[in-house]
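Position one of the sequence shown corresponds to residue 947 (my numbering), numbered consecutively onward.
It should be emphasised that the hints constitute simulated quantities derived from the structure, not laboratory data.
Please read these numbers as outputs of a predicted model, since none were measured by experiment.
Hints may contain errors.
DSS-like mimics (lysine-lysine), calculated; alpha carbons at most 27 angstroms apart, straight line [unchecked claim]:
hint, residue 1, residue 2
1, LYS998, LYS951
2, LYS1107, LYS1048
3, LYS1038, LYS993
4, LYS970, LYS980
5, LYS951, LYS970
6, LYS1056, LYS958
7, LYS1048, LYS1075
8, LYS957, LYS970
9, LYS1038, LYS951
10, LYS970, LYS958
11, LYS1003, LYS956
12, LYS956, LYS1038
13, LYS980, LYS958
14, LYS1003, LYS970
15, LYS958, LYS998
16, LYS998, LYS970
17, LYS993, LYS980
18, LYS1075, LYS956
19, LYS998, LYS956
20, LYS993, LYS1003
21, LYS956, LYS970
22, LYS1075, LYS1107
23, LYS958, LYS993
24, LYS980, LYS998
25, LYS970, LYS1075
26, LYS987, LYS957
27, LYS1075, LYS1003
28, LYS1056, LYS1075
29, LYS1107, LYS987
30, LYS1038, LYS970
31, LYS998, LYS987
32, LYS1038, LYS957
33, LYS1038, LYS1056
34, LYS987, LYS956
35, LYS987, LYS958
So the derived label-pair ranges between C-beta atoms look like this [stated by the list, open to error]:
hint, residue 1, residue 2, range
36, LYS1003, CYS1101, 37 to 43 angstroms
37, GLU1106, LYS1038, 19 to 25 angstroms
38, ASN1036, GLU1070, 29 to 35 angstroms
C-beta atoms are modelled at their ideal positions from N, C-alpha and C, and glycine is treated no differently.
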Amino acid sequence: YGYRKDPADKKKWIVDEEAAEVVKRIFDLCIAGKGPMQIAKMLMADKVLTVKAHYAKQNGRTMPDNPYRWSVESIRGILERPEYTGCTVNFKTYTNSIWDKKQRDNPLEKQAIFPNTHEVIIEEAVFEKVQQVRQQRHRNTRTGRSSIFSGLVYCADCGEKLD
947 YGYRKDPADK KKWIVDEEAA EVVKRIFDLC IAGKGPMQIA KMLMADKVLT
997 VKAHYAKQNG RTMPDNPYRW SVESIRGILE RPEYTGCTVN FKTYTNSIWD
1047 KKQRDNPLEK QAIFPNTHEV IIEEAVFEKV QQVRQQRHRN TRTGRSSIFS
1097 GLVYCADCGE KLD
């Protein structure tokens, strides 16, 4: 989302201006302190087409039932994609063997990152700032204060962060 294939060279990405503006807005909102749920609600309120609806509109396909319903997962996926900085990332996932078809995420140090392979939508400094903001999220309690354990304590059973 944010790029499309170059009609002259199918292996080259060019910026999709309409989608790139949405991507920039999502990153700006995150830097401003908004979380993925808040960003999704703002995009829905402003009637911004979702990723699927955007591609359906471009390709002349049928639109989804609710073309403005952004999911939190879509926002998170956009915020976590280093490709917006102009690099290509290979080996994001792997399989253990040819018999085990399950895809597993590869650690960052085992991924191959090739910088400057296509046009930049998000500057590297902005991307890094968003990653820092997302790592240091703290939820406020009803009193408006953040617990000293916010984002540090995890549930022993399911692994979710405890507030």
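Verification of the supplied hints:
1. LYS998 to LYS951: Holds, at roughly 16 angstroms.
2. LYS1107 to LYS1048: holds (26 angstroms)
3. LYS1038 to LYS993: Roughly 32 angstroms between the alpha carbons, so the hint for LYS1038 and LYS993 is violated.
4. LYS970 to LYS980: holds (14 angstroms)
5. LYS951 to LYS970: holds (19 angstroms)
6. LYS1056 to LYS958: holds (24 angstroms)
7. LYS1048 to LYS1075: violated (32 angstroms)
8. LYS957 to LYS970: holds (24 angstroms)
9. LYS1038 to LYS951: holds (21 angstroms)
10. LYS970 to LYS958: This hinted pair holds, its Cα atoms lying about 21 angstroms apart.
11. LYS1003 to LYS956: Satisfied, since the Cα-Cα distance of roughly 20 angstroms is no more than 27 angstroms.
12. LYS956 to LYS1038: Distance ~22 angstroms between LYS956 and LYS1038 Cα, so the pair holds.
13. LYS980 to LYS958: violated (33 angstroms)
14. LYS1003 to LYS970: It holds: about 20 angstroms lies between the C-alpha atoms, which stays within 27 angstroms.
15. LYS958 to LYS998: Within the cut-off at roughly 21 angstroms; holds.
16. LYS998 to LYS970: holds (18 angstroms)
17. LYS993 to LYS980: At roughly 18 angstroms apart (the allowed maximum being 27 angstroms), LYS980 and LYS993 satisfy the hint.
18. LYS1075 to LYS956: Between LYS1075 and LYS956 the Cα gap is close to 32 angstroms, so the pair fails against 27 angstroms, i.e. violated.
19. LYS998 to LYS956: holds (21 angstroms)
20. LYS993 to LYS1003: Judged against 27 angstroms, a Cα distance of about 14 angstroms means the pair holds.
21. LYS956 to LYS970: Holds, at roughly 25 angstroms.
22. LYS1075 to LYS1107: Holds, because 22 angstroms separates the two Cα atoms, which is no more than 27 angstroms.
23. LYS958 to LYS993: violated (30 angstroms)
24. LYS980 to LYS998: holds (23 angstroms)
25. LYS970 to LYS1075: Satisfied, since the Cα-Cα distance of roughly 13 angstroms is no more than 27 angstroms.
26. LYS987 to LYS957: violated (35 angstroms)
27. LYS1075 to LYS1003: violated (32 angstroms)
28. LYS1056 to LYS1075: Between LYS1056 and LYS1075 the Cα gap is close to 23 angstroms, so the pair holds against 27 angstroms.
29. LYS1107 to LYS987: Between LYS1107 and LYS987 the Cα gap is close to 23 angstroms, so the pair holds against 27 angstroms.
30. LYS1038 to LYS970: holds (23 angstroms)
31. LYS998 to LYS987: Roughly 17 angstroms between the alpha carbons, so the hint for LYS998 and LYS987 holds.
32. LYS1038 to LYS957: holds (19 angstroms)
33. LYS1038 to LYS1056: holds (8 angstroms)
34. LYS987 to LYS956: violated (35 angstroms)
35. LYS987 to LYS958: With Cα atoms ~33 angstroms apart, LYS987 and LYS958 exceed 27 angstroms; violated.
36. LYS1003 to CYS1101: 37 to 43 angstroms: holds (41 angstroms)
37. GLU1106 to LYS1038: 19 to 25 angstroms: About 24 angstroms separates the Cβ atoms of GLU1106 and LYS1038, which means 19 to 25 angstroms holds.
38. ASN1036 to GLU1070: 29 to 35 angstroms: violated (19 angstroms)
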